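Read off the chains here:
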Amino acid sequence: MTLAVNLRGWLLADIPRSKSQARCQRFYIGWLEFQRNPVAMIGLVIILGLIAAAALAPWITSSNGLEPDLVNRLQAPSAEHWFGTDQLGRDIFDRIIWGSRITLYIVGLVTIIVVPIGLVIGVIAGYLGGLVDSVLMRLTDIFLAFPRLILAMAFVAVLGPGLENAVLAIALTTWSPFARIARAEALTIRNSEFILAAQVQGVSTVGILTRHVTPLCASSVIVRLTLDMAGIILTAAGLGFLGLGAQPPTPEWGAMISLGRQYLIDQWWVPTVPGIAILVVSLGFNLLGDGLRDVFDPKSGG
Amino acid sequence: MRASSGRTAGGSGLRPPSAVVKIAGVLFSLALTFLGLTAITFVISRVMPVDPVLAIVGDRASNEVYQQVYLQLGLDQPVYVQYLKYLGQLAQGDLGSSIMTTRPVLEDIRRFFPATLELATVATLLGIFVGVPMGVFAAVHQGRWPDHIVRVVALLGYSAPIFWLGLVALLIFYAKLGWVAGPGRLDVFYDGIIDPVTGILTIDAALARDWDIFRNALSHLILPGAILGTFALAYIARMTRSFMLDQLSQEYILTARVKGIPESRIIWGHAFRNVLVQLITIIGLTYASLLEGSVLTETVFSWPGIGQYITSSLFNNDMNAVLGGTIVVGACFVGINMLSDLLYRLVDPRIR
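In order, the protein sequence lines correspond to chains A and B.
According to the numbering used here, the first sequence is numbered sequentially starting from -15.
According to the numbering used here, the second sequence is numbered sequentially starting from 522.
These are computed hints drawn from the structure, not numbers from a lab.
Be careful, since some hints might not be right.
What the hints assert, rightly or not - Chain A stretches covered by chain B per the calculated footprint, using a threshold of three residues with CB under 8 Å from any CB of chain B: (1) 115 to 126; (2) 217 to 224; (3) 239 to 252; (4) 255 to 261.
Since the model is a prediction, treat every value here as computed from it, not as a measurement.
Ideal Cβ placement from N, Cα and C applies to all residues, glycine included.
Bound-form chain B, shown alone (with noise of 0.2 Å):
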């Protein structure tokens, strides 16, 4: 299994036919994850409680009007069939109308996605610069009090309730010490000035030069990236301490050490740059599950998100919204873990 020539020359030039094979059974799954996706979460929408007719034209609509829009939403045809349709017009991009914001959803989705996209990169990053020293400090202090630390610190941030976390810390560093602004996006006065052209508001606010925005946009951001990235740091810490555990075991290091190599080159530049490749697929699984992880936090923070949008959707029995949004952040999510399987399997030659 583990070749101990554990070179990770990048994927450039020749490739074996095989990759390209394996490729394509790598979108053929994703393909029928997704089909699967689509179908139980269309299912779930369908068996709802909720009569998607009356939450339309409401109780008080006459009964030919009640039957007219029945009609309309396909109500009478057998489920396959409506899901037939249903997978027919998002193949053209159509996920319905909301009926909370009357608009159509994927425009809803448009507006709130970047808000959650934003979240969830601070807290990968997070992740990544805090958590991946951390792991590498403690591998190698394996079994001392460094590594001890280490690991009950990711620990901690495994099993803190992230929106009990989020709570305790507007308290702190909002409420108390005033470091940071509160729930939101941006401060009331701020809002709409700036035009959105990514979406993502410290981006928009640098792009327009506007730099109160930013450092107002900025001060918003923090904190909910913070306690979102809390769990990203731990996975990531935690994941780099074990694959650095296995690399420091192998008999390469083992060789490097004899040969007399100092051991700062042999922690970074051998065992490390074999972790890396390893990382890419945490990494990539990390974000993904931020993405969709972030419904709590966004709800503590008021963070107008797809996470956020989803609940409301859900606690109004707006089912395009709530089918729409969930497809799309379940789309995200297969995308993004077999975006990191991909990636992975191009730069690992074993592998390959």
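If we strip away everything but chain A, and leave its shape as in the complex, we get (with noise of 0.2 Å):
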């Protein structure tokens, strides 16, 4: 209990009395204002019970989720089927429970990719100005006027349809956006005092974008990511419903709706559920976002 207290108190502290305290310090206030927020936590639950899920997979299902049983196929809804089955007799909670784990493969992927070069190419473009960040810019600006859905599609077609290149196809169309924020938040920091003491100092520049500048920029990198993971998720969802993304017998959520969707008007279960997941994953790092702007970034909340 007094331990309890004595955190709470170092974590609460006015001054704090080293760097590590006053980082703590920031989380540990940022997580109250955060956890006054009910919505946000809503979407934190969520998030964290698709993760537990996912973890969780080989104990909480009673199948893999992909051998067919002919017998009970398009079973409705039941105590032993919570979620009835589909039309070559898998269980349709099972599939969905495997599913969370593609689902957190493609977000956890499209992240690696898109984060580095967004914030190599927005730093970048951002400290160095002139030339450097007109040439990068205007690039950026093409990938951002580009219609995003088609031309994931294209690139899909290019590559061959499949989980890997759905994730590469949506990558591609993802960046630009990050590279715009972080060339954003670079500009304000170029010209900051510290900037120049660390300059001043003679660190090159490329200690100063690392050490510097790029981790300031994280903060509104993390939030545009949690908010962009619904829109992720959604593409990787209609591409899958395409036929363009995961390919049968993988349980993806959106080529389940695809397959599941001739059985709409007599066992709407089988199309239905798999977009209810969807919904409630999305609508998870929707609201986890929102949360996470409103602690990181109050100005702009929205």
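Using the hints, put the two standalone chains together into the complex.
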């Protein structure tokens, strides 16, 4: 108990004694503010639920969601099959749970590709300015101006349908806003005094970019990323629905809707349940992103 | 940044020369963006793992025929020469011919585009007339339950997979309740009766004064329009709310309140007038993204629009059609965005 009180005192001290304390304080105060926002907390719970479902999939499912069981095809939701079974008799609940791994995989892969590209291009453009800035931002504008889904479709057509290619296509159409944001941040940071101080001390440009400018761009990029996650999930599902993303029998939610489409009228649960899963997860990311934005950047709060 | 004298006088009369320079700049970047757009699409279409010659002559053609078509298509030349040639043709409005329909791509697009335009327009109008009041309502009740409800509803519209929403709507409103007509633009027996003047069926039917067809077209249009509109509605409501909050926290609002001006006049007469200017960009952005975002809605509702044209061409390896369709949609996208940007510059005296 006293430890908790002490920790709280340490986290809320008026004057932080060290860099790490200051950093922890910022997160703690942000967390307190975040906690007060019920809507954002719902988002956090949903995303944690998604992660838990993905991690615990082998224990909470009774099948791997891939093997057909034609005797039990198109069963209505019941105690045995919570969400019913699909056209091949596979348990839809199990498939949804296994599908959460695919959703996380998509989200993670897109993040790994998009954030570094956006940060590098944006930070360099914003910090160096001049011709480099013009050229890089023109490039960014072109990708921003491009119809995203259609570009992703064209990329998938070139690379061939499949989950990884869909992810790559989405990444290629998603990086541009991050470059824009990082550039805007770098522009404001560029002229601050601590950058000048670093320059005077003889820190190299690369050092300034990696150690001083990039970390400060991180919070806006994270907020934007969380807000974009929903869009990424929806695009991936859309590609899956069109037959350009994950291929059967992968339990990708968009592809599940596409396959269940013909059973819509008589066995409504087959295409409906995966849609609800997509809706809930993308809602979760949107709620979480909204909450994070309110914490990190209260001014632009929407 | 934010001058509190947010007057929104229109851009009539004198305009300082800097506006002309700015417009020239916008046009220049428009041209540059468009060039990049064509370049990327062209490269995509050329690295497609599809032999365009085989797609035309079929796999039973003799070697001579193959060679002839190969040269005809200019495939022996380097890619940049092919690209420049394509640009030259594009400048003359020639997008090549579609393998699938055997018609010029431009003609195809002229047939398919009005359907998308009709859908996107209905969706955007819905977004404006429902989304804007919702956003204002939420902002006025900031932090209280009406606000939370509007925020969650907007987020739901944001988060729902549109193709799934379309399927569920079809199930409920078409299959179960029978309130609206099903997929497609018209019932089969009405097909081809009226002249395609604009290609927008509701307008064509109204011009022909055929109210049966008009009602039927409307009945087909309303559901996909509403589904596509959910995104517009969510986005516009959200942005309106955020802009309104921004305005309501300004000092001139406080001044107005102190002066005792009624709250409704402060909201609609003062704050909202300034929000209106900002909304131009948002509405333009929505409209542009709906033109391209209609791909999935069109697939679900079998709506014969540009999105479906591109998708089916893609599956049939019809590269001229994909290329042409993408460029036209991209050009509209870029064009509308630039136009709303320009309009914003002209209307907002601070930027001018």
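Each hint, compared with the structure:
| no. | hint | in the structure |
| --- | --- | --- |
| 1 | 115 to 126 | holds (count 4) |
| 2 | 217 to 224 | holds (count 3) |
| 3 | 239 to 252 | holds (count 5) |
| 4 | 255 to 261 | holds (count 4) |
Of the hints listed earlier, there is not a single one the structure fails to meet.
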